[in-house]
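There are 2 protein chains.
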Amino acid sequence: MRQVAVIGIGKTAFGAFADRDLRSLAVEAGEKCLADGNVKVSQVDEFFLGNFAGPSFVGQNHLAPYIAGAMGMTGIPCTRYEAACASSGAAFYHAVASVAAGLNEIVLVTGVEKMTSQTTPKVTEILAGAGDTCGEGRAGATFPALFAMIARRHMYEYGTTREQLAAVAVKNHENGAKNPQAHMRKIITLEQALKGKPIADPLTVYDCSLISDGAAAVLLCPLERAHEFTNKPVKVLGIAQTSEQVALDQKADITTLTAVAAAAQKAYKMAGLTASDIQFAELHDCFTIAEIIATEDLGFVKKGEGGPYAASGKTRLDGERPINTSGGLKSKGHPVGATGTGQICDVVQQIRGEAGERQLTRNKIGLAENLGGSGATAVVTVLGAV
Amino acid sequence: MRQVAVIGIGKTAFGAFADRDLRSLAVEAGEKCLADGNVKVSQVDEFFLGNFAGPSFVGQNHLAPYIAGAMGMTGIPCTRYEAACASSGAAFYHAVASVAAGLNEIVLVTGVEKMTSQTTPKVTEILAGAGDTCGEGRAGATFPALFAMIARRHMYEYGTTREQLAAVAVKNHENGAKNPQAHMRKIITLEQALKGKPIADPLTVYDCSLISDGAAAVLLCPLERAHEFTNKPVKVLGIAQTSEQVALDQKADITTLTAVAAAAQKAYKMAGLTASDIQFAELHDCFTIAEIIATEDLGFVKKGEGGPYAASGKTRLDGERPINTSGGLKSKGHPVGATGTGQICDVVQQIRGEAGERQLTRNKIGLAENLGGSGATAVVTVLGAV
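Top line first, the protein sequences correspond to chains G and Y. The numbering used here applies: residue 1 is where the first sequence begins, and numbers increase by one. The numbering used here applies: residue 387 is where the second sequence begins, and numbers increase by one.
Extracted from the complex, chain G is given alone in its bound form (with noise of 0.2 angstroms):
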């Protein structure tokens, strides 16, 4: 298999669009990662759409063809992903693939979400089709309230607190505040947090991620050619896509992210790493129970201690692992089908050195995690400088 690199990104701002469509997003998005690239239309080899459920929010599906055709790529094969909040993360890991065999040279990526079209009642409703409808939808368990369940049990089996919690949401947010591109750029306090509109108990509204609606691109090509393209590449180092059941009460244990840790164990040995290796990383914090749970399972902790760690302010940006520096699915938003090509694009723009008043200096080896559902998709890309 061949090296592949990250030669170009390019990301529209996540937020509320009214007078934005899908398609103008995902052309946006695809249209700077090729111009950041230096790589034009007719070179693409194949185009990789990561959507979540584009069709319900907007009634549009057929979007790989629909969007390549709006930038001009015809005569390529064109295919959405989906894999519901892994959506652009399984599309990612596809599209790596593709490459590191010789299938392609280079190859866009794109994820895309347009959600604020619809209510947050439709929204919600949408969103827990990647939950196990027959079951926890029919008896009426929307997406906070899955995952306030695993909050709960996490308390109770590891003394985790609200405060915790809400330790993972006043980062993110300072972070986010620093974020150009960050959907809700409001610093907050550790007080207003725990305060917060209680969601779904122990989840208030600032546990919980943004409805947002957003683009973002990447291009690969093998690392070998990648100084034809850009003189910044970016070498993905490891990368695996893993599932799980996706109903909770399939689960041999709800506080712990099976797919997540199966997926980092295998990226950390395609890139001949361990957890300590890794400087800094984007975490799915689609709740912020989540971002604990994902640093114990990707091994950044010990099981049981994503919670202290939260508050301890090690992930922080000048901590001695800076976490969602981007401000997090929490602050910077979720555009769900691209959430995943959108925390590649965060962790590469660390490692150029572009990440403005939040660029950290330990900046070699960044992780992204990527999460479909409670946890049945699980995506984990380690990248480097070269």
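Think of the hints as simulated: they come from the structure by calculation, not from any bench. All C-beta atoms, glycine included, are put in the ideal place defined by N, C-alpha and C. None of the hints are false.
List time: in silico SDA-like cross-link candidates among lysine to any residue, alpha-carbon distance up to 25 angstroms:
#, chain 1, residue 1, chain 2, residue 2
1, Y, K688, G, G75
2, Y, K621, G, I76
3, G, K269, Y, E491
4, Y, K655, G, Q43
5, G, K302, Y, G461
6, Y, K652, G, G75
Here are some chain G residues the structure puts well away from chain Y; computed CB gaps all over 10 angstroms:
#, residue
7, Q192
8, E224
9, G272
For each label pair, taking beta carbons as the anchor points, the in silico distance ranges come out as:
#, chain 1, residue 1, chain 2, residue 2, range
10, G, A139, Y, L576, 50 to 60 angstroms
11, Y, Q389, G, H227, 27 to 37 angstroms
12, Y, G526, G, S312, 54 to 64 angstroms
With the hints as your guide, set chain Y onto chain G.
Positioned in the frame of chain G, the structure of chain Y alone reads:
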């Protein structure tokens, strides 16, 4: 690249099954397929799911791990592929590529759709999502309307007649009547087809494929390992997926399926064959005109001669190149996401000599053509006896 073999196939009947949900159909096809290929769940390296609009039809999304989990498959990449009516064709294309490239050893590809729980107007609206909803959809064009425009133009350019369209319907119903897994096992006369209820002039109800439930699965491994699992492997000789613009008004010539023509040329080149070597084919007759145009774009006849060819009898079971011996989408049924893998199963069945009453004697090289929307996606596969 390694050569790839189909080592197992499994299908549900296609039809309207009020008592079956989407997952149970997919699980049935997948389990039959694994049994047919003598492969255990634990031996599958990756699960490729083709599904067009499960979330819109039945409310369940994140379908790949949802179905895989119900089969006991966890810990592997499980991803849904969407490319409109070519969704499982696209899943199959990527699955073949992954085995050819050495990314996987054994993979399961399942296509599924559950459509009949919605009313026909609602199904029509969901299907319209495969076209350009901002243009065609907003103007009120359903898929029958789009293909009616294509048919009308083909009539104008080449003198194609309603009788020639009807000949496709008559033949496919005749074949489907002999297929125990077909949705509508009903022989029709030319007169019946011509006098069918008008849907979108010049198309009558007999020019339109069916709204169906169903699933079809295919198991792949490297050709060199096929005999570990089966004594009747079938070889993937050539395959290609490609794309063009979604909206009819963006196409240079609506009487040509550009993506089909391009995919066919690539697939023939990979196989080292020409159109004249294809002994039989399963074509995407979502509408009768689509089968006629496909015979032209695949190079079976010259441009404009598809109509007379359809009426000549040469594409019947006893003709020189039988087309849609399964009954096609017209009579076998068109559970959208299952159609691509369904065609592969049908071609494999003929090559293996398992097609019963419909069995061909010239059955060594068969082709499947799977179309997305009004032609924005095309997957063409050439399969051959080992």
